[in-house]
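*Asks:* Take a look at the letters that make up each chain.
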Amino acid sequence: MNTHNTYNYTVVRQFARMTLVWGIVGMGIGVWAAAELAFPSLNLGIPWLSFGRLSPVHSSLLLFAFGGNALFATSYYVVQRTCHTRLFNDGLAAFTFWGWQCVIVLALCTLPYGMTSGKAFAELEWPIDILITIVWIAYAVVFFGTIVQRNTSYVYVANWFFGAYILAVAALHILNSAALPVGLWPMKSYSLYPGTVDAMVSAWYSQGLVDAFMPGAFFGVLYYFLPRQLGHPVYSYRLIVVQFWTFVSLALWAASQHLLYTALPDWTQSLGMVCAVFLIAPFLAGVINGFMTVSADWHRLHSDIILRFLVLALFFYGVEGLEGVVTSIRSVNAFTQYTDWTVSHVHAAGLGWIGFLAFGAFYAMLPRLFNIEQMYSIPLILLHFWFATVGTMLYLLALGGAGMVQSLMWYAQNDDGTLAYRFVESLQVSHPLYVVRLLGGMLYLAGMCLMTYNAWKTVASTLPKARKNEDSVSEVDSVIDHHPAEVHHDSHPPLDPRHGPHRPVDPRHSANPHTGSQHSSESPAHHADH
Amino acid sequence: MSHEVVEKNIGLWAIMVLVIMSTAGLGEIIPLFFLTAPKGVGSTVEPVRGLQPYDALRLEGRDIYIREGCAHCHTQMVRPFQPETQRYGPFSVAGESVYDHPALWGIKRTGPDLARVGSGYSDFWHREHLRDPASVVPGSIMPAYPWLAETVMDGTLTTTKMRTMNTLLRLTCRTCAVYAEKDIEAGPAKVRGSTEEEALIAYLNGDSDQPGGLGHPAP
Chain F
1 MNTHNTYNYT VVRQFARMTL VWGIVGMGIG VWAAAELAFP SLNLGIPWLS FGRLSPVHSS
61 LLLFAFGGNA LFATSYYVVQ RTCHTRLFND GLAAFTFWGW QCVIVLALCT LPYGMTSGKA
121 FAELEWPIDI LITIVWIAYA VVFFGTIVQR NTSYVYVANW FFGAYILAVA ALHILNSAAL
181 PVGLWPMKSY SLYPGTVDAM VSAWYSQGLV DAFMPGAFFG VLYYFLPRQL GHPVYSYRLI
241 VVQFWTFVSL ALWAASQHLL YTALPDWTQS LGMVCAVFLI APFLAGVING FMTVSADWHR
301 LHSDIILRFL VLALFFYGVE GLEGVVTSIR SVNAFTQYTD WTVSHVHAAG LGWIGFLAFG
361 AFYAMLPRLF NIEQMYSIPL ILLHFWFATV GTMLYLLALG GAGMVQSLMW YAQNDDGTLA
421 YRFVESLQVS HPLYVVRLLG GMLYLAGMCL MTYNAWKTVA STLPKARKNE DSVSEVDSVI
481 DHHPAEVHHD SHPPLDPRHG PHRPVDPRHS ANPHTGSQHS SESPAHHADH
Chain A
531 MSHEVVEKNI GLWAIMVLVI MSTAGLGEII PLFFLTAPKG VGSTVEPVRG LQPYDALRLE
591 GRDIYIREGC AHCHTQMVRP FQPETQRYGP FSVAGESVYD HPALWGIKRT GPDLARVGSG
651 YSDFWHREHL RDPASVVPGS IMPAYPWLAE TVMDGTLTTT KMRTMNTLLR LTCRTCAVYA
711 EKDIEAGPAK VRGSTEEEAL IAYLNGDSDQ PGGLGHPAP
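Just so you know, the protein sequences line up as chains F and A, in that order. The first sequence begins at 1 in the numbering used here and counts up by one. The second sequence begins at 531 in the numbering used here and counts up by one.
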């Protein structure tokens with residue numbers, strides 16, 4: 001049997017491992033930074049430990065190293081499974097892995113020492129930006145190359161969301177990072193854009209990466225792993241089409257909602273606000289589609305822990321998206337902007353949506369990657385679930401509350417028109433909430449550690465076998481288990497006949513990750529049901 | 531056109547996505563390069579009346595502000611709300627930011643806005659505050675920055691920085707002033723021997739008779 005037809009899981013495993021490692025490091029730094037806000041003496045007078053330098057390390061690690069690696073892993077996994085073909089080029093795929101880890105290590109070597117471009121969520125300096133560009137182009141070639149050589153007629157929807165993320169980030173990164181270098185060591189550059197334009201380009205980038213296309217790419221994860229976990233197709237294919245195109249059309253137009261009431265021209269602000277409000281269309285389409293897909297299977301939440309992660313992720317996406325729409329309205333934005341509400345909002349997407357989806361997907365994917373039955377410990381997954389859930393809720397409620405209190409105090413005036421509070425008083429009031437946030441962050445980090453331990457034990461249990469069979473047998477195993485021609489029969493969860501087949505709205509348009517085809521007659525669910 | 535065509539043709543799909551996505555940048559960013567206002571009012575690419583580029587020491591001070599990540603906790607954007615202008619001063623306008631590459635508007639106020647901080651505090655206050663924030667603002671959670679006072683600058687990059695700024699200003703800003711050649715040559719000497727703390731305070735406290743620091747009031 002031709003081994004070239006088997007999937008490239010090596011690179012997926014590598015990205016998956018590093019996702020866990022960088023997740024712990026990034027969240028650990030986040031917890032330390034949160035502790036500094038609650039207890040400022042923890043800055044310790046050490047330059048690289050001061051909050052201003054730690055903050056970008058935390059956000060860069062979680063964006064590029066946790067979210068980025070998780071998407072590399074899941075997109076490489078999903079694109080192979082749904083296109084029924086091996087990754088386009090193994091060498092190039094390996095390059096994206098080593099190149100990306102190199103970017104992250106360079107980030108860790110520069111950001112704590114104050115080498116930063118000063119642009120939000122794009123702090124890395126110009127030599128690293130160039131490396132990111134090269135790795136990203138390789139990523140695009142591997143991903144789209146795989147799609148081009150697919151063995152299915154349709155491109156399954158999950159790949160649209162990954163693909164849009166890859167295209168968008170390429171454009172966003174290159175244009176936002178445009179700068180003139182001033183020095184190589186210390187790395188230093190000046191942004192190409194003058195003040196107001198730079199703020200707008202930065203907002204466009206932040207909106208595109210942090211608010212839109214990275215969270216959006218996790219719909220690719222959802223639309224593969226949710227139907228996979230349930231054993232039946234997504235509720236409505238048509239809703240995905242609506243969601244995808246409205247999302248691609250509006251997401252970047254909404255950028256200027258981040259600059260409401262600033263010195264940006266009014267017309268640009270208003271345009272952004274209107275488009276941000278219209279974003280409720282893709283947001284609702286995604287949430288409705290997700291929940292309707294689960295709607296016949298609520299009882300499974302009792303027994304299926306992975307499903308719980310996916311469903312709760314969807315819930316947090318709902319919270320985050322609704323917040324985003326409401327706070328993009330000028331008058332509401334005036335109240336929430338610049339406060340801890342913003343931080344709470346970003347973490348609803350980060351901890352809630354991205355985190356929970358990555359956890360659920362990894363718990364489903366890791367055993368398959370390492371060719372074993374299931375994770376080392378189910379009780380540990382359960383514990384992780386509750387740590388993550390309680391941690392996220394504490395975090396969101398504490399900082400959401402802090403944000404409201406801060407805003408009320410900033411705007412409060414006495415009867416004679418003087419300001420009621422000094423700025424520092426809004427901080428003192430926030431202190432207990434910062435402590436609660438710290439607690440939430442610690443719980444979330446503890447959950448992340450549990451997951452990594454669980455994954456480590458899972459992988460360790462397979463090691464002797466894998467080592468012995470590295471070259472020959474495991475390759476053959478994967479041919480047997482995962483040969484593209486067999487893929488739609490491979491280890492999909494057993495369907496419970498008591499609950500009958502799932503009925504999509506339009507049978508011709510049901511989305512099916514296993515065959516990449518829309519024709520439900522080919523779907524495993526229907527094979528199983530008939 | 532049936533949607534199935536797009537689903538089967540990844541090239542067509544990618545072109546559609548790219549074209550649709552790029553409309554936002556074309557619609558919201560490109561026009562900002564071409565906005566004009568009556569003389570002196572300032573716009574996205576025109577300075578407000580009298581605004582000059584940061585002098586050598588302030589330019590270095592600004593880079594220290596960027597290096598220490600001050601923008602993670604401080605905005606430089608006074609919004610047009612009555613309680614806000616009462617707390618911080620006149621609201622910010624676009625023409626004040628033309629010499630800022632990159633902008634430092636910020637996204638979060640863990641500390642107060644600094645757009646007009648220069649008009650309210652003495653150099654002495656800033657020095658005490660940077661060394662031990664809680665000593666002048668009881669309850670402050672800002673980290674102390676003792677190393678700034680201990681680091682003396684040598685100005686090696688100053689010339690390059692000023693020349694790069696000139697290139698950028700000529701590229702992006704029609705009515706901006708640029709550094710004169712003699713100012714560029716004198717730049718390193720003005721920086722050399724100063725501590726980073728002095729440079730940062732010069733940036734924060736730009737005084738009103740010499741526009742260029744943060745203290746410069748809106749017209």
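Just so you know, not all the hints are guaranteed correct.
[What the hints assert, rightly or not] So, partial list: chain A residues that the calculated Cβ filter (under 10 angstroms) puts toward chain F:
| hint | residue |
| --- | --- |
| 1 | 537 |
| 2 | 555 |
| 3 | 568 |
| 4 | 570 |
| 5 | 602 |
| 6 | 640 |
| 7 | 657 |
| 8 | 665 |
| 9 | 682 |
| 10 | 683 |
| 11 | 684 |
To be clear, the hints were calculated from the coordinates, so they are not data collected in a lab. Glycine included, C-beta positions come from ideal geometry on N, C-alpha and C.
*Asks:* None of the hints should be skipped; say for each whether it holds.
*Replies:* We went through each hint and held it up to the structure:
Look at residue 537 of chain A: its Cβ gets to within about 5 angstroms of chain F, closer than 10 angstroms, so that hint holds up. With 10 angstroms as the threshold, the beta carbon of residue 555 of chain A comes within range of chain F, its nearest partner Cβ sitting at about 6 angstroms, so the hint holds. At its closest, the beta carbon of residue 568 of chain A sits 15 angstroms from a beta carbon of chain F; the interface hint therefore is violated under the 10 angstroms criterion. Against a cut-off of 10 angstroms between C-beta atoms, the interface hint on residue 570 of chain A is violated, since the closest Cβ of chain F lies about 16 angstroms away.
The interface hint given for residue 602 of chain A holds, since its Cβ lies 4 angstroms from the closest Cβ of chain F, which is under the 10 angstroms cut-off. With a least beta-carbon distance of about 7 angstroms to chain F, the hint placing residue 640 of chain A at the interface is held under the 10 angstroms criterion. Checking residue 657 of chain A against chain F by beta carbon gives a least distance of about 16 angstroms; that is not within 10 angstroms, so the hint is violated. For the restraint placing residue 665 of chain A at the interface with chain F, the shortest Cβ-Cβ distance is roughly 13 angstroms, beyond the 10 angstroms limit, so the hint is violated.
Given the 10 angstroms rule on beta carbons, the hint for residue 682 of chain A is violated: about 16 angstroms separates it from the nearest Cβ of chain F. At about 13 angstroms, the closest approach between the beta carbon of residue 683 of chain A and any beta carbon in chain F exceeds 10 angstroms, and the interface hint on this residue is violated. Because the beta carbon of residue 684 of chain A sits about 13 angstroms from the nearest beta carbon in chain F, more than 10 angstroms, this interface hint is broken.
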